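Listed in order, the protein sequences are those of chains F and G. Position 227 of the first sequence, counted from 1, bears residue number 227 in the UniProt record's numbering, the numbering being contiguous throughout. Position 11 of the second sequence, counted from 1, bears residue number 11 in the UniProt record's numbering, the numbering being contiguous throughout.
A couple of the hints might just be wrong.
The calculated SDA-like cross-link candidates involving lysine to any residue, where the alpha carbons are at most 20 Å apart (straight line), are [what the hints assert, rightly or not]:
id, chain 1, residue 1, chain 2, residue 2
1, F, 315, F, 218
2, F, 218, F, 261
3, F, 205, F, 309
4, F, 315, F, 234
5, F, 23, F, 144
6, F, 23, G, 22
7, F, 23, G, 29
8, F, 218, F, 274
9, F, 23, F, 121
10, F, 274, F, 201
11, F, 23, G, 92
12, F, 23, G, 33
Away from chain G, derived, C-beta distances all over 10 Å, residues of chain F [stated by the list, open to error]:
id, residue
13, 12
14, 18
15, 56
16, 87
17, 130
18, 276
Since the hints were derived computationally from the structure, they do not count as laboratory data. Keep in mind that this is a model prediction, so the values were computed, not measured. C-beta: ideal position from N, C-alpha, C; glycine also.
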Amino acid sequence: MTDMSASQTKRYATAGDYVQLLKPRIMMLVVFTAVSGLVAAVGVTGQPINPIMAAIATLSIALGSGAAGAINMWYDSDIDQIMTRTSTRPIPSGAVPREEALAMGLIMSGVSVMLMWLASNWLAAGLLAFSIFYYGVIYTMWLKRSTPQNIVIGGGAGAFPPVIGWAAVTGNTPLDAWILFAIIFFWTPPHFWALSLLAHGEYEKAGVPMLPVTHGAKATRNQILLYTILLVPLAMTPLLTGLGGWLYGAVAGVLGLVFLSYAVRVWRSHAGDKGAAPADMKLAKGMFLFSILYLFLVFAALIVEHAFGLYFPVKVF
Amino acid sequence: MTEPENKYEGQFKEIYIPSAEEQRARRSRNRVLGFALAGFVILVGVVTFIRLSSSDLSKSGFYYNFKDKAAEEEMQLPPGMEPDQAAPPPNLTPVEPEQDEPTGDDL
Numbered sequence: 001m002t003d004m005s006a007s008q009t010k011r012y013a014t015a016g017d018y019v020q021l022l023k024p025r026i027m028m029l030v031v032f033t034a035v036s037g038l039v040a041a042v043g044v045t046g047q048p049i050n051p052i053m054a055a056i057a058t059l060s061i062a063l064g065s066g067a068a069g070a071i072n073m074w075y076d077s078d079i080d081q082i083m084t085r086t087s088t089r090p091i092p093s094g095a096v097p098r099e100e101a102l103a104m105g106l107i108m109s110g111v112s113v114m115l116m117w118l119a120s121n122w123l124a125a126g127l128l129a130f131s132i133f134y135y136g137v138i139y140t141m142w143l144k145r146s147t148p149q150n151i152v153i154g155g156g157a158g159a160f161p162p163v164i165g166w167a168a169v170t171g172n173t174p175l176d177a178w179i180l181f182a183i184i185f186f187w188t189p190p191h192f193w194a195l196s197l198l199a200h201g202e203y204e205k206a207g208v209p210m211l212p213v214t215h216g217a218k219a220t221r222n223q224i225l226l227y228t229i230l231l232v233p234l235a236m237t238p239l240l241t242g243l244g245g246w247l248y249g250a251v252a253g254v255l256g257l258v259f260l261s262y263a264v265r266v267w268r269s270h271a272g273d274k275g276a277a278p279a280d281m282k283l284a285k286g287m288f289l290f291s292i293l294y295l296f297l298v299f300a301a302l303i304v305e306h307a308f309g310l311y312f313p314v315k316v317f
Numbered sequence: 001m002t003e004p005e006n007k008y009e010g011q012f013k014e015i016y017i018p019s020a021e022e023q024r025a026r027r028s029r030n031r032v033l034g035f036a037l038a039g040f041v042i043l044v045g046v047v048t049f050i051r052l053s054s055s056d057l058s059k060s061g062f063y064y065n066f067k068d069k070a071a072e073e074e075m076q077l078p079p080g081m082e083p084d085q086a087a088p089p090p091n092l093t094p095v096e097p098e099q100d101e102p103t104g105d106d107l
């Protein structure tokens, strides 16, 4: 009887399950920021890149992101099945065996780094390899379960794509590339903590020391405000170096103020507290969603400026 | 005629026959894997082609320029000498006619 019900509920992995292992939504953001780094590098330095090579370098970054996602799902399958939000992922749902996810992640890591090396240079390939290691090992295996600063330090993994894109074009990583890195690095904490205010019960159940679990919702709201205050002026630094022009400045300035207003309102709210009003939780969710839009539009402004000839530098000094 | 002895008889009690659903899933996976492998091969081929066609090796003319250079360096035959005649020795270089040093009288 039990066997019968087990066979009835057994899921067979389809190609779609393997695609889910690659965390396609994160991959899209990674690819987008990588392309912005690539386009900005061409625009700022004037160094050309073969369009096919650029496409293959972008594909390599996408594959690398997917590989890191598969390794993350392999390692986190035990906590994924505890949390409702992640319990339907391919491994906890029983569709894909853990070993297959690991094998897929490792093979894709190798393929992506090799393709990047072939399509661009060793620096970009090395940075891609390091970012996969950073996400798959440093963040997933070490930081995530050991410190409430997990997503702050781990945010570095998600911040690498524009640097890799830049390196793929020029073969080096100047200050401008690291400014793009810093923008994503300082964007990650308010983005993730806004989500964790909503789902801290799940993290607590799974034993993941997210900030709201270890230090409470109030400390998290303080940290969200602090990182947003750092992020908004930082996002304006491309104007000083000549990386961004008027269009970028306008987009980053206006969206930065909106982001800051969200952070202040969340800080003043009781989002994440026990018995918090639905409006407060809605505010935290709104901030989480807006943070995605913020990063997308800020990097889109860079792409539009450099790819469509709309770059008009701001004379600061 | 005697039937051949089945030496595995009794050892395999269960034969696994995948269900239609599982077979469908396998086929779908295998197809995607096949496309992925083919895509990888094509990508490596394209990258290799582009790199070779735009590499310094090609630009400086590893093979073709080598041939061109050889043609350029082909020695000019002295007047009246036919190509089917013996080539001059490779170390034979045309001698520039000596010019007299300018003297004070020329000034």
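Going through the hints against the structure:
1. F:315 to F:218: violated, 41 Å
2. F:218 to F:261: Holds - the C-alpha atoms of residue 261 (chain F) and residue 218 (chain F) are around 17 Å apart, at most 20 Å.
3. F:205 to F:309: Distance ~51 Å between residue 205 (chain F) and residue 309 (chain F) Cα, so the pair is violated.
4. F:315 to F:234: Given that 20 Å is the threshold and the Cα spacing comes to 18 Å, the pair holds.
5. F:23 to F:144: holds, 17 Å
6. F:23 to G:22: The given pair, whose Cα atoms are some 24 Å apart, is violated under the 20 Å limit.
7. F:23 to G:29: holds, 18 Å
8. F:218 to F:274: holds, 11 Å
9. F:23 to F:121: Violated, at roughly 26 Å.
10. F:274 to F:201: holds, 10 Å
11. F:23 to G:92: violated, 72 Å
12. F:23 to G:33: holds, 18 Å
13. 12: Its Cβ does come within 10 Å of chain G, the nearest being 4 Å, so this is violated.
14. 18: violated, 7 Å
15. 56: violated, 6 Å
16. 87: Check passes; 21 Å lies beyond 10 Å.
17. 130: For residue 130 (chain F), whose nearest Cβ neighbour in chain G is about 22 Å away, the distance exceeds 10 Å, so it holds.
18. 276: For residue 276 (chain F), whose nearest Cβ neighbour in chain G is about 43 Å away, the distance exceeds 10 Å, so it holds.
In terms of the numbered hints stated before, the structure departs from hints 1, 3, 6, 9, 11, 13, 14, 15, listed from lowest to highest.
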